[in-house]
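Number of protein chains: 2
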Amino acid sequence: MGDYIEEIVEKSKQMDFRDSVDFTGKFKNIVIFGMGGSGIAGKIFQDLFTKVPVISLDSYEFPEFVDENSLFISISYSGNTEETLKATEMAMKKGAKVWAITSGGELSKMVKNVIMIPRGLQPRSAIGYLLNPLLLGSGLANEDSLREAKENLERLNKEHEELKKVADEIYLGNKIPAIFGFPPFRYIAYRLKTQFNENSKILAYWSYFPELNHNDTMPLKSTYRKDLFYFIALTYPNMNEMYLKRLKVTSRICDFNYREVKALGASIASQIYTSIHQGDLISYYLAKRRGVDPRDVSIIEELKKNLS
Amino acid sequence: MGDYIEEIVEKSKQMDFRDSVDFTGKFKNIVIFGMGGSGIAGKIFQDLFTKVPVISLDSYEFPEFVDENSLFISISYSGNTEETLKATEMAMKKGAKVWAITSGGELSKMVKNVIMIPRGLQPRSAIGYLLNPLLLGSGLANEDSLREAKENLERLNKEHEELKKVADEIYLGNKIPAIFGFPPFRYIAYRLKTQFNENSKILAYWSYFPELNHNDTMPLKSTYRKDLFYFIALTYPNMNEMYLKRLKVTSRICDFNYREVKALGASIASQIYTSIHQGDLISYYLAKRRGVDPRDVSIIEELKKNLS
Numbered sequence: 002m003g004d005y006i007e008e009i010v011e012k013s014k015q016m017d018f019r020d021s022v023d024f025t026g027k028f029k030n031i032v033i034f035g036m037g038g039s040g041i042a043g044k045i046f047q048d049l050f051t052k053v054p055v056i057s058l059d060s061y062e063f064p065e066f067v068d069e070n071s072l073f074i075s076i077s078y079s080g081n082t083e084e085t086l087k088a089t090e091m092a093m094k095k096g097a098k099v100w101a102i103t104s105g106g107e108l109s110k111m112v113k114n115v116i117m118i119p120r121g122l123q124p125r126s127a128i129g130y131l132l133n134p135l136l137l138g139s140g141l142a143n144e145d146s147l148r149e150a151k152e153n154l155e156r157l158n159k160e161h162e163e164l165k166k167v168a169d170e171i172y173l174g175n176k177i178p179a180i181f182g183f184p185p186f187r188y189i190a191y192r193l194k195t196q197f198n199e200n201s202k203i204l205a206y207w208s209y210f211p212e213l214n215h216n217d218t219m220p221l222k223s224t225y226r227k228d229l230f231y232f233i234a235l236t237y238p239n240m241n242e243m244y245l246k247r248l249k250v251t252s253r254i255c256d257f258n259y260r261e262v263k264a265l266g267a268s269i270a271s272q273i274y275t276s277i278h279q280g281d282l283i284s285y286y287l288a289k290r291r292g293v294d295p296r297d298v299s300i301i302e303e304l305k306k307n308l309s
Numbered sequence: 002m003g004d005y006i007e008e009i010v011e012k013s014k015q016m017d018f019r020d021s022v023d024f025t026g027k028f029k030n031i032v033i034f035g036m037g038g039s040g041i042a043g044k045i046f047q048d049l050f051t052k053v054p055v056i057s058l059d060s061y062e063f064p065e066f067v068d069e070n071s072l073f074i075s076i077s078y079s080g081n082t083e084e085t086l087k088a089t090e091m092a093m094k095k096g097a098k099v100w101a102i103t104s105g106g107e108l109s110k111m112v113k114n115v116i117m118i119p120r121g122l123q124p125r126s127a128i129g130y131l132l133n134p135l136l137l138g139s140g141l142a143n144e145d146s147l148r149e150a151k152e153n154l155e156r157l158n159k160e161h162e163e164l165k166k167v168a169d170e171i172y173l174g175n176k177i178p179a180i181f182g183f184p185p186f187r188y189i190a191y192r193l194k195t196q197f198n199e200n201s202k203i204l205a206y207w208s209y210f211p212e213l214n215h216n217d218t219m220p221l222k223s224t225y226r227k228d229l230f231y232f233i234a235l236t237y238p239n240m241n242e243m244y245l246k247r248l249k250v251t252s253r254i255c256d257f258n259y260r261e262v263k264a265l266g267a268s269i270a271s272q273i274y275t276s277i278h279q280g281d282l283i284s285y286y287l288a289k290r291r292g293v294d295p296r297d298v299s300i301i302e303e304l305k306k307n308l309s
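Protein chains in written order, with my numbering: chain G, 2 to 309; chain U, 2 to 309.
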């Protein structure tokens, strides 16, 4: 990752939009389009960067407001995602400034401003490549914070026993993971849900505080099938104390246990990547336990063929 | 509802922002804050109104971009929701134009521009009161479309047997509802999830097309605990044909059955309310079947006391 950091910092300088989104800047809003493993980058980013409205999109509807004052960032690892190509075409027609983050495909041909990333990965394994240009381009990360992330990831990789244990408990209890997220990192909980889907081939549930206190709290107290779920709370250092209080009070009043998986580090980048990585490892070990291939996404490929 | 339509149309004229959000308008963005049963109105609205970026919020983080060019709409049925009061205070400090939709409480005292709605309901039963000012104020609904909604709701109320049957099947099969939504109405699926939570006291799962084709599709094919779920697809007339195709192909390839619950009517208002109402009825009949009181939200109340 050492060379990678210098490389991505250099690449992302092209897309630097730090000076374009302040009050005098040319972009009044940022729209990020991406599906699944590629879209998660935009979902995480929209909660973290709030100098202008950031809208993360993942459907066929295209917003009216997109125009020459919009920065449109199109993310597709393969560069051939049907939904993403359609939306990018629309954005170009409407005169938005369009950037693409991709490893190739149609998208790299269509769009002039491209951050090219390496081929040969699963989109969900390329999260660093997909997200770093957004974090660096916006100033939410820099070379130092990426180095902190790298050091903390190496620390995590020395020892996986606790995470293996979580996978074991889910497997042996025949449980469905239920993941609690916390703003501004709630979409890391969504990411873990999708990792359980794609890597472990199991359905998973995600929700976030404080919103879940206004609905999920009712059934959590009831005993209706609560034993089916394995609760994971994705916490991070220096969380708003109200979130921690809500987690503790909810668990006490509703009488359920949860496993806390805590991010490491001081920077946003380190917290994002260490949280993601621990979740990825749990989903990976669960796949191994279940005897399924974490890389296999054949059904999604079959579906794409059936739709085209 | 006859008198109600005239009344809400009249009231919403105050908050009419149709002429303020076009290119020459004063509002560059709309921020809607609300939690749980009150927040759902903003979540549904943000996907439907796209003339300017609409950001729906439900957490303690407050976006930097909010300023005198923002229209901030604060929704709290009780008017005393902790998260909502904090955010509204911030919006006022930052000079945003603030409107509140509430039945009273602190919020009605804090904010000058208030759409007052009747007291004595559960927030989730007040969805029409909470959402109509947004639909009318933006021009997404008018008196005619609300009348169409009313007529179609009356039609639905003549006959609940099919919806009762869905509740029976969930109950007898000891299932967890998994609801599929479709943009731009995906948050109606989220609404139904929360109705299962609060009315029926059961956990429920929601997701939406086409995004779910990039993750959930994998476990749907596998047989891992798939039998636990009862799949409901909330469709609507004149859907983008790609959504219907995706639903059918996914169900075929992944080999699962689903129950289609289809909205009625030509207008956005009729489609929203008939879709919501059918879901509400399923969650209500499931509560009855389970012998729980659909009105009881005592745990949420207990939690609020423990947090204050």
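Simulated from the structure, these hints should not be mistaken for lab results.
You may find that some hints are simply not true.
Because identical chains cannot be distinguished in the list, a pair is counted as satisfied if it fits within a single copy or across any two copies.
The calculated lysine to aspartate or glutamate pairs, modelled on EDC-like cross-linking and capped at a C-alpha distance of 16 angstroms, are [what the hints assert, rightly or not]: (1) K249 - E303; (2) K305 - E8; (3) K113 - E162; (4) K222 - E170; (5) K113 - E90; (6) K29 - E163; (7) K29 - E65; (8) K222 - D294; (9) K222 - E302; (10) K95 - E62; (11) K263 - E107; (12) K52 - E65.
Checking against the hints above, which ones are violated?
2, 3, 4, 6, 11
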